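Protein sequence lines, in the order shown, are assigned to chains A and B.
The first sequence begins at 1 in my numbering and counts up one residue at a time.
The second sequence begins at 1 in my numbering and counts up one residue at a time.
Simulated from the structure, these hints should not be mistaken for lab results.
Remember, it's a predicted structure, so these values are computed and weren't measured experimentally.
We treat Cβ as the ideally placed atom computed from N, Cα and C, and that holds for glycine.
Any given hint could be a false lead.
Derived contacts from chain B toward chain A, CB cut-off under 8 angstroms, selection only [claimed, not checked]:
hint, residue
1, N104
2, P250
3, S305
4, F309
5, S352
To spell it out: a stretch of chain B is covered by chain A in this simulated footprint if at least three of its residues, at any positions, have a beta carbon under 8 angstroms from a beta carbon of chain A; those stretches are [stated by the list, open to error]:
hint, region
6, 4-15
7, 201-214
8, 443-452
9, 460-473
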Amino acid sequence: MKNIDLITIKTNKPAPSFRWRQFKKNKPAYISCFILVILLFIALFSPIIANQEPLYVSYKGHTFFPAFSWQKSYQITDAKTGVIERLQLDITDWKRLPCDHILFALIPYSPGKKDYDNTNYKSPFEQQDFMDVNHTIVAMPIHFRHWMGTNKTGEDVLAGIIHGTQISMTVGIFAMLIASVIGLFLGCIAGYFGDAGLSSTRGMFWMLIIGLFFGSYYSFQMRFYDLEDALATSLTSFCIQALVSIGIFAFILFIFYRLGKLMDKIPFLNRSVSIPADSVINKVIEVLSSLPNIILIITIAAITKRSLWNVAIIIGLTSWTMIARQIRSEILRIRELEYIAAARTMGFSSFRILFFHALPNALGPAMVYIAFGIAGAIIIESSLSFLNIGVPLDTVSWGRLLNEGREQFSAWWLVIFPGFFIFLTVTTFNLIGEGIQDAMNSKHRS
Amino acid sequence: MKIFIIRRLLLFFPTLIVISLLAFIISINAPGDPLDIMMNASSKSTDGGTSMNTNQANTKDFWRKKLGLNLPLFYFGIKSLAEPDTLYKIFDNEERIALERLLNRYGDWEYIQKYYHSIITLSDTLSNLNNSKNIEDPNFKIDLSNTMNDIHILKLSYDDFAILNIIDRINGFIKSYPQLPATIKDQFQELKINYSSIKTNAAKWKNYIPSITFHGFNNQYHRWLFGDASTGTKGLIRGDFCISYTTKQPISEIIYRRLGWTMFFSLTSIILAYCISIPIGIKAATKKGKLFDRFTSIILFVLFSIPTFWMATLLLMTLANPDVIKLFKASGVQPAEGFSTGMNLWDKIMASFPYLVLPTICYTYSSFAFISRSMKVAMVETLSLDFIRTARAKGLQEHIIIYKHAFINSLFPIINLIATLLPSIISGSIILESIFSIPGMGTETIAAIDAKNYPMIVAIFTLTGFLTITGFLISDILFKIIDPRIDFDK
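Build the full structure now, drawing on both the sequences and the hints.
Structure (structure tokens):
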């Protein structure tokens, strides 16, 4: 018996590389990884890839980098005449500026900015117009072409798609980040401690409950308006305020924890009670997963302020249940393994064992649901912007472009391209998810 | 079995309560005063909300009582000592928030209340002045309406700087028109004194003491859930979803009218999806690894990943577009001019057929892909079990093994899918119905969102939630009956 266990331990050791080899064998999934990297690259560098402001411009002896600068305008003083000229970055007509050198971005258009010479649905293949320096209409130079056409108001579709990549990726990944933090934490607690594992004394239990009440009261209910104001000003100030709130919460909880330690000295209060973490978390998961997800998201998105972060947070808060379930069942399996027992005998604390020893081995199966979840979140985000619910009105995203195409079916490029990008991204994540799933399920041939 | 059903029901009711609570929280957090939305929706003539004639005020009062908005929100409330019990009686959401923020900063309700009342009295006198007198001076008229607007903003402001700014402006107005009645000047002085006394008597410590108040059964949630005999509402529990803001009809009637098409498409698509996907799943499983299997699995995967709204737009663009192929109709469910008289049922079906094809395809294809894949997986798993090997060893014919032994056993997970499919199809209908303009629940939802008809949105959410959990309940119980070995606790 012991020998067999030793062998399994030995073969278990190079597990990650084995899984990775299995994953690589799955060609579609492996190719999807490359597509994902490209999509992430586009998302990350979208302001540099598609921008109407040039990357570099040399004008009247001055050098600027408009696409990289945070300034709203430049002031130029003519060396000879002393005339001051102001260049406001977002409305300057860069394409007709008489400058010495200019280097445009790969796609010299910004999303939501109109090209007045090519309004009313210009096809990618038809003749596109361009107004040159002398204000005469000529054929479009090749480097200013709208490669995927324009919409009704003359906005470049390709620029919209490139920025849409950023929006979809951000919403998908941010939503799943929230979902996985909640899912991993609750799944771990439920799986590792079960119904009997988490125990404390009566005094500590009640003190912690009272501490939770006071903590949430002082840090969140009382500071609600501070948090709301901070969110309205900027994301960084919101993060600072949120950290302050969490700090107050932790401090109050700590005080009550110390009080609970004191309570342990009282005979009646030092009896042990166990907290049924597993049943409680399981019930919460069951209740949440039987809610109609999409309708819930649409309903909340319809009444809250239009904001992409709101949409991502709503999606994240409603879609953690599958991850939690998966992690729970994995941890249930892992906690019976010998290395966990070994860690226990070495006297490591439960939380150290759970988060540093057990969790890393349970992450693989959860990755499957994270990948599927990102695909789902991207579909929900684009449906919302397709229906024009919850997403800010000036955001150019895939769903928004597709919705514009619905109004004019002869503009097929407004339907085909954005839809294809949604499809590509969703398929990429689905294929990666399936690849991980197959790699996890494949058995060792030792 | 009985124990199982009881335990399952024990989970059913908490979920219902959670759904109702969520719906209620959503409905009370909806922005704006519900009555303003209602008035705007019905009359369309808005005058900025500053001057409201008595008739409108009476109607507002009537609806407020009828909708129970003059009651506390919930059975109990957790708030600070500074916050009074009666804050819910200020109906306008934004005004209430402004007062709450003032409370949060200064903490003494007594003075804030005085300040609030002085604003209201001043605003009332000014609006009386505006309504009653024939004002000749056009400048004065403009200034007066500007000041009334200022006072309206004052009700909503909580920032110290903003409030002082507005008070300054009103002061300027009063100074520049000395012929104004003395009452206005007195009231304005009182307002100023009240505001400064808020600041001098600030008692921020009251915010630090939490207090719990109990309101009993006479609250909005209870009334919304169980109804109220005095106003004739029956409550959610007896199928009364309140009144639509836009049409003032009971929502349950509207939903009842709209449910038909949604259910028609959902059920048709589920039946169609099962009829097509089960044979495909079986065939793919028996020919695992062959050309058919590989081909279908790629097709199914692609279908599964195509977002429904893209598919719908593509179909409309290619098959219902006069420039390409005009095979089907783009919107609606039947001829716009209605059926001509003397048509029998068959003719009616044939007349509306071109309208129904594209929506049905869009409703069906994604669940079809999903069921086929699950069917294949289940079938492959069953075919690898021992009893199939035994059957083969016995020398049974292949089609008997597949259809009699393997098929029946791999059906269970597929049947269970109905429970998850139905709610997702109903939610998917929101997008599809708005694309194809089908007069169902989905278009109603979108219209409700556009018109800020919150009770409608909440009703639809509650209803779908109820349908979802009932579906889960029925499928779990059916599953237990079909396959008693299953244990949901594991």
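Here is how each hint holds up against the structure:
no.	hint	result
1	N104	holds, 6 angstroms
2	P250	violated, 20 angstroms
3	S305	holds, 4 angstroms
4	F309	holds, 5 angstroms
5	S352	violated, 22 angstroms
6	4-15	holds (count 3)
7	201-214	holds (count 3)
8	443-452	holds (count 3)
9	460-473	holds (count 8)
Violated hints for the displayed structure, listed by number in ascending order: 2 and 5.
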